[in-house]
Amino acid sequence: MKKEVAVIAAGQTPFIRSCGMSIRELCFEAYKDAAKSINIDPKDVDASIIASAPEYDKQRTPAALVSEYLGFPPSPTFYLETVCSSGTTGIRVGYALIKSGLHDIVVMVGFQKMSELDSRTAAQVMGRGDDTIFSSPFGTTMPGGHALYAQAHMDAYGTTEEQLAKIRVKNSFYGSQNELANYKKRLDLEACLNADMVCTPLKKFDCCANCDGASAVILASADVAKKYTDKPIWIQGVGMATSELNWSSRASLTNFDSVRNAAKAAYEMAGVGPEDINVAEVHDCFTVSEILAYEDLGFAKTGEGGKLIDEEATYHTGRIPVNVDGGLLSKGHPIGGTGGSQVRTIVKQLRGECGETQVENAKIGLVHNVGGVGTYANVIIFGRE
Amino acid sequence: MDFGNFGVVNFTKEAKSVAFVDYLSEGKLMGTECKKCGKKYFPPRMDCAKCFDSEVEWFEIKGPGKLVTYTTVNFGPSGFEEVQPYTLGIVDFPEGVRVLAKISKKIDPTSIKAGMELRPVPQQLSEEKLTYEFEN
Numbered sequence: 001m002k003k004e005v006a007v008i009a010a011g012q013t014p015f016i017r018s019c020g021m022s023i024r025e026l027c028f029e030a031y032k033d034a035a036k037s038i039n040i041d042p043k044d045v046d047a048s049i050i051a052s053a054p055e056y057d058k059q060r061t062p063a064a065l066v067s068e069y070l071g072f073p074p075s076p077t078f079y080l081e082t083v084c085s086s087g088t089t090g091i092r093v094g095y096a097l098i099k100s101g102l103h104d105i106v107v108m109v110g111f112q113k114m115s116e117l118d119s120r121t122a123a124q125v126m127g128r129g130d131d132t133i134f135s136s137p138f139g140t141t142m143p144g145g146h147a148l149y150a151q152a153h154m155d156a157y158g159t160t161e162e163q164l165a166k167i168r169v170k171n172s173f174y175g176s177q178n179e180l181a182n183y184k185k186r187l188d189l190e191a192c193l194n195a196d197m198v199c200t201p202l203k204k205f206d207c208c209a210n211c212d213g214a215s216a217v218i219l220a221s222a223d224v225a226k227k228y229t230d231k232p233i234w235i236q237g238v239g240m241a242t243s244e245l246n247w248s249s250r251a252s253l254t255n256f257d258s259v260r261n262a263a264k265a266a267y268e269m270a271g272v273g274p275e276d277i278n279v280a281e282v283h284d285c286f287t288v289s290e291i292l293a294y295e296d297l298g299f300a301k302t303g304e305g306g307k308l309i310d311e312e313a314t315y316h317t318g319r320i321p322v323n324v325d326g327g328l329l330s331k332g333h334p335i336g337g338t339g340g341s342q343v344r345t346i347v348k349q350l351r352g353e354c355g356e357t358q359v360e361n362a363k364i365g366l367v368h369n370v371g372g373v374g375t376y377a378n379v380i381i382f383g384r385e
Numbered sequence: 001m002d003f004g005n006f007g008v009v010n011f012t013k014e015a016k017s018v019a020f021v022d023y024l025s026e027g028k029l030m031g032t033e034c035k036k037c038g039k040k041y042f043p044p045r046m047d048c049a050k051c052f053d054s055e056v057e058w059f060e061i062k063g064p065g066k067l068v069t070y071t072t073v074n075f076g077p078s079g080f081e082e083v084q085p086y087t088l089g090i091v092d093f094p095e096g097v098r099v100l101a102k103i104s105k106k107i108d109p110t111s112i113k114a115g116m117e118l119r120p121v122p123q124q125l126s127e128e129k130l131t132y133e134f135e136n
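As you go down the protein sequences, you meet chains A and B in turn.
For the first sequence, my numbering begins at 1 and goes up steadily by one.
For the second sequence, my numbering begins at 1 and goes up steadily by one.
Honestly, the hints are just simulated from the structure, not real lab data.
Keep in mind it's a predicted model, so treat the numbers as computed, not measured.
Wrong hints could be hidden among the right ones.
Unchecked claim - Calculated Cβ distances over 10 Å to all of chain A for the following chain B residues:
id : residue
1  : D53
2  : S54
3  : E81
Unchecked claim - Covered by chain B, per the in silico footprint, the following chain A stretches (three or more residues, Cβ under 8 Å):
id : segment
4  : 115-125
5  : 138-148
6  : 151-163
7  : 188-200
8  : 243-254
By construction, the Cβ of each residue, glycine as well, lies at the ideal position given by its N, Cα and C atoms.
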């Protein structure tokens, strides 16, 4: 096991529809949750990375504002963005800063206050995450983009609306046990299948909800990590890849090539394969996204992601537990806040702190965090001693 | 004409590939091909990423092509309140390009299937605005 860069603490705020706080206060809550657990002084933080997607709040250059509120100056800070995967891109960069020897302790804080926009405007802002000259003028949306993949996957492999619904049934089962989740109601198959259609074939419960939230992850070099915790979680592999933004340039509409490339890089670096993963957090912004993740991460063969949920293999007692904290579908998806929350869950799982939803003897965990419609992909593999 | 004339809503007026909009007003959907290396581009671009050449030949996309995937959007972004629901499709054309557009409301939504043949039809949205959609 590699012991070079560790997660020494991870925290998050509750994910809720409307938080009633400013973004600096939201970030403070997330950082406090992480930092209090290891009793770290802000002056010991060597650098901070602030991650979110722009245009939800009006604050220009939020890094300096958040850094000041957390007490970090004069240490360097900067803002980083790959839309929904901003948080894990921050962790990737933090990993590199430590591995290079430039810094010993790096904090990543990811946030989003989506409630500042009404849902129509939010759909426009997200739609501009597509090619604004050639695609957004047709009214492309985030649910619409994933629906194009869902329809193609159904036509190619016979994936069914029922299999999509089963993903939400599972994730709502775990969301109902996560006190920080935005959506805590347990849903059955019938409720999912009868919900209003958003973008064919995706219905209301196939989609995650906009919400407010922040997360924080504190990374440290091996020597420094020991001073703060006796339960460091070691980063074993970081993989990142990108797919073309414009629909015309994409080779596949039934899987995310970005994820396949990121997963390959992360597995190779960690020296493990999909069969070695004990617990995973995947980016289920839509139910179809979790099915694609099963295949793109190698948990299922191409075209057989639906079978994995039919077999209930991704429940916490199954062969490969996935999103046993409720996923984005039930927790909610505060864009920049999501990646850090996924890392927090894996850290808790590898430390054995998950109570009822604990995966037995979890040693190796994986986080899959995707930005846009499969545009940016981060896959990070973690291990415990 | 510029890109301010293109689409239901738009966000950018200027681009070197502005002839795309002029061609569209003449009833033609066009892509570009690099004169030096022959690489075909849709959406059109005036700069070849492969050989850095900026001399292009325009070619017309006539179809028919085959529908790869589609979705009916029931909740659109701001600016689409009056046109929702609308169906978006992605079509592979024999000219060697993949194109996204709205599928015409003239086509019965229940008859839309992957593999069906569609062709691009330039369309005037108003006196100022134009787009293209897929018809069979």
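We went through each hint and held it up to the structure:
no.	hint	result
1	D53	holds, 19 Å
2	S54	holds, 18 Å
3	E81	violated, 7 Å
4	115-125	holds (count 5)
5	138-148	holds (count 8)
6	151-163	holds (count 3)
7	188-200	holds (count 5)
8	243-254	holds (count 6)
Figure legend: structure checked against the earlier numbered hints; the only hint not met is number 3.
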